[in-house]
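Protein chains in written order, with our numbering: chain A, 1 to 271; chain B, 1 to 303.
There may be inaccurate statements among the hints.
[Stated by the list, open to error] Derived lysine-lysine pairs resembling DSSO-like cross-links, with alpha carbons at most 27 Å apart:
hint : chain 1 : residue 1 : chain 2 : residue 2
1    : A       : 58        : A       : 27
2    : A       : 17        : B       : 83
3    : B       : 205       : A       : 270
4    : A       : 270       : A       : 215
5    : B       : 277       : A       : 58
6    : A       : 188       : A       : 80
7    : A       : 215       : B       : 90
8    : A       : 122       : A       : 268
9    : B       : 236       : B       : 159
10   : A       : 153       : A       : 58
11   : A       : 172       : A       : 122
12   : B       : 205       : B       : 83
13   : B       : 277       : A       : 17
14   : A       : 18        : B       : 236
15   : B       : 205       : A       : 17
16   : B       : 76        : A       : 268
[Claimed, not checked] Chain B is nowhere near these chain A residues, computed Cβ spacing over 10 Å in every case:
hint : residue
17   : 34
18   : 95
19   : 218
Rather than coming from a laboratory, the hints here were simulated on the basis of the structure.
Just so we're clear, the structure is a prediction, and the values are computed from it rather than from any experiment.
Where a beta carbon is used, it is the ideal one built from N, C-alpha and C, also for glycine.
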Amino acid sequence: MALVLFISVNYTLIIMKKFISDLIVKKNIVLNDQYFLLVLESHDPLPEMLPGQFVEVKVDNSSTTFLRRPISINFVDYHKNELWLLIQVVGDGTRKLSTLQSGDLLNIIFPLGNTFTVPENKQANILLIGGGVGIAPMLFLGSYLNDRGYQCKFLLGGRSASNLLQLEEFSKYGIVYTTTEDGSYGEKGFVTQHSALSNEKFDMIYTCGPTPMMKAISAYALQKNITCEVSLENTMACGFGACLCCVTDSIDGHVCVCTEGPVFNITKLKW
Amino acid sequence: MVDLSVQLGKIQLKNPVITASGTFGYGTEYSDFMDLSRIGGIIVKGTTLRERQGNPYPRMAETPSGMLNAVGLQNKGVDYFIKHIYPGIKDINTSIFVNVSGSTIEDYIQTAEKLNELEAIPGIELNISCPNVKEGGMAFGTSCLSAAQVVRSVRSVYKKELMVKLSPNVTSISEIALAVEAEGADSVSLINTLLGMAIDAERRKPILSTVTGGLSGPAVKPVALCMVWQVAKAVKIPVIGMGGIMNAQDALEFIIAGATAVQIGTANFIDPTISVKVLEGIEDYLIRHQFTSIKDITGSIQL
């Protein structure tokens with residue numbers, strides 16, 4: 001069980017036991033030329049994990065990759081004992097991970113970081129916005145909210161149709177709106193230009209994606225007085241609060257994204 | 001059973017494996033992963049007289065076989081440590097040292113005085129070698145005169161184990177070691193990080209917000225090993241070796257070069273249980289070579 005500590009009005013620290021485990025690669029599914037999905041399974045029952053949390057993945061046999069890679073949790077299936085990681089190839093480390101094959105072992109430290117705040121009102125109109133690899137935590141969050149009786153809507157954006165991933169998975173948990181920059185799928189433009197944002201009134205927005213996108217959504221939420229949480233990505237050395245490398249500037253000064261985040265209410269960030 | 005205990009000046013450690021400051025938080029960050037009481041010592045995060053926010057992001061750059069950091073001594077200050085952190089760590093059954101840094105000699109003195117009162121802190125590591133702060137830090141550790149001055153001042157108020165952490169960014173680290181030994185340091189620890197930098201060629205910008213930072217990890221190990229060997233020959237006080245130790249083999253190299261104990265730093269990030277594994281590996285080595293004590297191999301290099 002997770003012990004939730006409200007250490008101050010500003011941050012919710014989640015104290016959950018952390019594990020170092022070798023998980024088995026069950027499947028490595030190529031989604032397009034940039035993205036792949038690792039379906040990992042565990043011999044032992046997986047511990048409870050919360051949406052927004054991440055894992056630190058050890059990258060073996062890469063001469064240029066020294067540190068672990070923080071990867072957000074895409075989905076957890078406790079019945080099948082599966083943990084999904086949606087990964088974008090951005091450098092040598094993630095490229096090495098893309099070559100993993102069924103049966104390989106992957107060493108991870110998990111679960112790390114905090115989680116999203118679930119609204120009190122079950123009738124809340126909730127929008128989950130994901131851009132690029134930032135859609136990864138939104139699937140887990142959507143399934144989590146859906147399991148608890150909330151109605152979610154998703155707004156997913158990509159450069160073109162081939163960049164819109166896991167649409168079938170998302171549609172299991174709510175209505176899916178999409179945008180593409182080239183207009184090849186859904187509405188043309190950025191997620192921030194989608195008609196739903198002007199046609200509907202949302203009570204809660206969760207978002208993860210490129211920083212300019214999250215900043216634009218934050219500005220929209222602040223203007224409309226909508227509660228909004230963002231999931232940040234920063235380079236990390238440890239992932240569990242020891243190195244103090246992954247700080248972001250908040251109203252309380254420098255705070256670690258790995259422990260005080262990665263999820264932040266937008267009113268706490270100095271953007 | 002082999003005897004793993006080591007004598008560091010005034011105090012005895014149960015074994016020679018210590019976790020390095022800035023890489024192990026306050027120890028509690030690692031308690032899910034390992035039994036903290038197994039290791040010989042913990043050196044907690046660099047502590048200053050007043051709270052420091054540290055440097056802006058980005059503070060870290062991964063480099064081949066290592067990393068650069070420019071954290072800049074982010075901490076909440078010594079009073080916060082005493083009031084809020086010390087009560088939660090004082091009962092961990094290992095030797096806990098506080099790494100102390102300052103911008104002025106007066107800062108060092110006041111911080112050391114406050115820590116001298118803490119029963120469960122048997123010593124401090126005086127950081128005169130941090131490359132990531134504008135004033136103080138490394139500025140003290142790069143000349144014999146200023147290194148001697150700060151050690152002399154702290155020695156006059158601090159009565160327990162005084163370990164001094166040395167910078168490798170000097171012409172002769174042995175001369176600095178001799179200077180701090182002469183002022184009453186009980187031991188020296190080395191090396192702190194090497195000054196380095198990384199550039200994003202696409203943007204033609206430095207990766208670190210501070211442009212330069214401190215290099216650690218296996219990339220620095222041969223440099224560190226050489227300096228530990230040189231200093232161990234020069235001084236009579238114990239030398240604590242560190243720099244890129246990733247496994248027991250690395251740790252043994254430092255001990256054979258003359259280190260009484262070792263510190264594990266950057267490796268903690270990649271394998272949070274590495275300090276226990278290093279300890280077990282040292283013990284296996286001693287058994288395999290039929291030594292009865294770690295002291296039998298300290299400085300045992302065959303030239």
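These are the hints, each one checked on the structure:
Distance hint between residue 58 of chain A and residue 27 of chain A is fulfilled; the C-alpha atoms sit about 18 Å from each other, no more than 27 Å. Restraint check for residue 17 of chain A and residue 83 of chain B: the C-alpha separation of about 25 Å stays at or below 27 Å, so the hint holds. Pair hint residue 205 of chain B plus residue 270 of chain A holds up; C-alpha atoms about 23 Å apart against a cutoff of 27 Å. A threshold of 27 Å between alpha carbons decides the hint, and for residue 270 of chain A with residue 215 of chain A the separation of about 11 Å falls inside it, so the pair holds.
With a C-alpha separation of about 17 Å, the suggested pairing of residue 277 of chain B with residue 58 of chain A holds against the 27 Å cut-off. Distance hint between residue 188 of chain A and residue 80 of chain A is unfulfilled; the C-alpha atoms sit about 38 Å from each other, more than 27 Å. Taking the CA atoms of residue 215 of chain A and residue 90 of chain B, the gap is near 43 Å; set against the 27 Å cutoff, the hint is violated. Of the pairs offered as hints, the one joining residue 122 of chain A and residue 268 of chain A holds, with about 25 Å between alpha carbons and a cut-off of 27 Å not exceeded.
Our distance criterion of 27 Å between C-alpha atoms is met by residue 236 of chain B and residue 159 of chain B, whose separation comes to about 19 Å. Only pairs whose Cα atoms come within 27 Å are accepted, and residue 153 of chain A paired with residue 58 of chain A is rejected, the gap being roughly 34 Å. Between the alpha carbons of residue 172 of chain A and residue 122 of chain A the distance comes to roughly 18 Å, so the proposed pair stays at or under 27 Å and holds. The straight-line distance between the Cα atoms of residue 205 of chain B and residue 83 of chain B is roughly 41 Å, outside the 27 Å bound, and the hint therefore fails.
Pair hint residue 277 of chain B plus residue 17 of chain A holds up; C-alpha atoms about 21 Å apart against a cutoff of 27 Å. Distance restraint check for residue 18 of chain A and residue 236 of chain B: the Cα-Cα separation of roughly 43 Å exceeds the 27 Å cut-off, and the hinted pair is therefore not satisfied. Distance restraint check for residue 205 of chain B and residue 17 of chain A: the Cα-Cα separation of roughly 39 Å exceeds the 27 Å cut-off, and the hinted pair is therefore not satisfied. About 19 Å separates the Cα atoms of residue 76 of chain B and residue 268 of chain A, which keeps this hinted pair within 27 Å; it holds.
Distance to chain B confirms residue 34 of chain A as a non-interface residue, since its nearest Cβ pair spans about 18 Å, more than 10 Å. At roughly 14 Å from the closest C-beta of chain B, the C-beta of residue 95 of chain A stays outside 10 Å, upholding its exclusion from the interface. The Cβ of residue 218 of chain A sits about 18 Å from the closest Cβ of chain B, beyond the 10 Å cut-off, so the non-interface label holds.
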